[in-house]
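A.B. asks: Below, each chain spelled out in residue letters.
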Amino acid sequence: MKNASRKNGFLLPLALLSLLVVSIIAMNGFTYIRHHTNLLKQSENSVRISAQQEKFELLPFENSIPVQPDVSAQFVTLSGVYNLSFLKARDVHNANYIIEEQIPIVRRLLSLCANKPELTEPILEYLKLAGDVEIGFGLIDFLNELSVPLDTGVEVLPCLRILPRSYKLDLALASDITLQAYFDLSASQARLLGRYLADGTIPNHAAVMSFLAKHHKGKDFSASLRNTAISARLDHKAMVLNFKGETFAYLDNVLNREGNWIKNRNFFLWTPMN
Amino acid sequence: MSSYRKPAFTLIELLVSLALSGVLIVLLNSQITNSIFTDVKIKKQNEYRLEIESVLEQLNADILSASHQPNGQKSIKFYALENKVRLHLKRFGISPNTQQLHGVEVIWKFDNSGITRSINSAEGNYRRILSSKQVNAEIERVGEKVIKLVLTNQHFTKSKLFAL
Chain A
1 MKNASRKNGF LLPLALLSLL VVSIIAMNGF TYIRHHTNLL KQSENSVRIS AQQEKFELLP
61 FENSIPVQPD VSAQFVTLSG VYNLSFLKAR DVHNANYIIE EQIPIVRRLL SLCANKPELT
121 EPILEYLKLA GDVEIGFGLI DFLNELSVPL DTGVEVLPCL RILPRSYKLD LALASDITLQ
181 AYFDLSASQA RLLGRYLADG TIPNHAAVMS FLAKHHKGKD FSASLRNTAI SARLDHKAMV
241 LNFKGETFAY LDNVLNREGN WIKNRNFFLW TPMN
Chain B
1 MSSYRKPAFT LIELLVSLAL SGVLIVLLNS QITNSIFTDV KIKKQNEYRL EIESVLEQLN
61 ADILSASHQP NGQKSIKFYA LENKVRLHLK RFGISPNTQQ LHGVEVIWKF DNSGITRSIN
121 SAEGNYRRIL SSKQVNAEIE RVGEKVIKLV LTNQHFTKSK LFAL
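Protein sequence lines, in the order shown, are assigned to chains A and B. Residues in the first sequence are numbered consecutively from 1, following our numbering. Residues in the second sequence are numbered consecutively from 1, following our numbering.
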């Protein structure tokens, strides 16, 4: 018998014991790590989405186009769009009231531009009761308050905007349809007025008044013109972001009193990730 | 006759090993059983914690997507009374019937009966129970645009800040 080749010690019991202890520790550790990872994953996803949205929100301020593949951007000028705040004012008792002369303008705009004249009454009802409009309230919010589906809202977006009253309708940047609805002109007269405003033939309010006097004899437009400007200075713009042709964000920015661009209201339907 | 034997454990070693294993199993049995039960308990707690995390993420998504009021603030109202919290907010949601995006009112309730999320829209009302376990909820405004929701049950307390 060769005892010299035998190893000393109780190897088997020691091995069994070690295996048992290691298994218990590993099982508990694995369960803990798995739950912990699950918890972290959820938070991480929402943080990643927020970070991605912040990146997109910076694009309009940098006037840059998205570098992400499949994402395209479209700039929209909104200074030439009718501001719904023109519809309301406050009386001496600080109570809201609707300016009657503005109602036909909104009705015409909704008919000509969005083909939704039925929205006029809900808009008036809401504005009668609502407080003053401040920055941070977009047209999509407004239509949401009226329970208008977003599909309908998208059609109204190029026709109306809602901002504080100080954001005037810039006639030099207004579309022919806006001019037609605002001054109750025919399509050809609006086209002509638009052309004159664009090439500088009509440079100021006096010239607009004389142009309108030819088409609306005896009608006074001085009150309506108070809500307008002919500066061609952009004070409201939006960026529409698309991913593979599908719109996923609407970023709305305004120029504040200090002359800085600030966020008005951004909407994300969803967020494409890298 | 050659008496060559391969090196191996002796009978005594094997018997001692078996005896030791038996003792170890008996000793560790209660420990293992406890550990299994504790694991189940921890698992349930973790599942509930995960459930609460998921609820809070969903609430956060609702708050992030809430529409604004004319004053520029988010359209969110909250009510707190004796460990019960209700949150009302307006946002866009996809209608299950028409698949159209339109405005909906979302109501969150945290109370003794658990956590529920209701959606009221022009097309009808939907209510979903997200957790049926009792939870105490407290809400407080910690800044001009930040609220803090604290959920407590017998095992843990979870709080989250929401930016308005």
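Derived by calculation from the structure, the hints in this document are not laboratory data. Incorrect hints may appear among the rest.
Stated by the list, open to error - Calculated cross-link-like contacts (lysine to any residue; reagent style SDA-like; alpha-carbon spacing at most 25 Å):
1. A/K55 x B/F9
2. B/K158 x A/R34
3. B/K41 x A/R48
4. B/K145 x A/L58
5. B/K145 x B/F78
6. A/K41 x B/F78
7. B/K158 x A/L58
8. B/K160 x B/I12
9. A/K168 x A/F243
10. B/K145 x A/L255
11. A/K41 x B/N46
12. A/K263 x B/Y48
13. B/K41 x A/P272
14. A/K41 x B/E57
Stated by the list, open to error - In silico negatives: residues of chain A with every beta carbon more than 12 Å from chain B:
15. N45
16. Q53
17. L146
To be verified - If you want the footprint, here are the derived chain B segments under chain A, 3+ residues with CB under 8 Å:
18. 79-89
19. 111-120
20. 137-151
Keep in mind that this is a model prediction, so the values were computed, not measured. Where is the CB? At the ideal position from N, CA and C, for every residue including glycine.
A.B. asks: Can the restraint linking B/K160 and B/I12 be considered satisfied, given a maximum Cα separation of 25 Å?
C.D. replies: violated, 62 Å
A.B. asks: Take a quick look at whether B/K145 and B/F78 sit within 25 Å of each other, Cα to Cα.
C.D. replies: Distance ~13 Å between B/K145 and B/F78 Cα, so the pair holds.
A.B. asks: Can the segment 111-120 of chain B be counted as covered by chain A under the rule of three residues or more with Cβ-Cβ separation shorter than 8 Å?
C.D. replies: violated (count 0)
A.B. asks: Decide if the proposed pair is consistent with the structure: B/K158 and A/L58, CA atoms, cutoff 25 Å inclusive.
C.D. replies: Violated. B/K158 to A/L58 sits at ~33 Å, over the 25 Å cutoff.
A.B. asks: Does B/K158 pair with A/R34 here, judged by a C-alpha cut-off of 25 Å?
C.D. replies: This hinted pair holds, its Cα atoms lying about 20 Å apart.
A.B. asks: Next pair to validate is A/K168 with A/F243; report whether the Cα-Cα distance is within 25 Å.
C.D. replies: violated, 33 Å
A.B. asks: Does the structure keep B/K145 and A/L58 at a Cα separation of 25 Å or less?
C.D. replies: holds, 21 Å
A.B. asks: Going by Cβ atoms, does A/N45 stay more than 12 Å from chain B at every point?
C.D. replies: A/N45 not clear of chain B: closest Cβ-Cβ about 8 Å, inside 12 Å.
A.B. asks: Keeping to a limit of 25 Å between CA atoms, is the pair of B/K145 and A/L255 held or broken?
C.D. replies: Since the Cα atoms of B/K145 and A/L255 sit roughly 23 Å apart, the hinted pair holds (cutoff 25 Å).
A.B. asks: Has the segment 79-89 of chain B got at least three residues whose CB is nearer than 8 Å to a CB belonging to chain A?
C.D. replies: With 0 residues closer than 8 Å to chain A, the segment 79-89 of chain B misses the three-residue bar; violated.
A.B. asks: For the pair we were handed, B/K41 and A/P272, check the Cα-Cα distance against 25 Å.
C.D. replies: violated, 39 Å
A.B. asks: Starting from A/K55, check that the Cα of B/F9 is at most 25 Å away, please.
C.D. replies: Roughly 68 Å between the alpha carbons, so the hint for A/K55 and B/F9 is violated.
Of the numbered hints given earlier, the model fails hints 1, 3, 6, 7, 8, 9, 12, 13, 15, 16, 17, 18, 19 and 20; all others are met.
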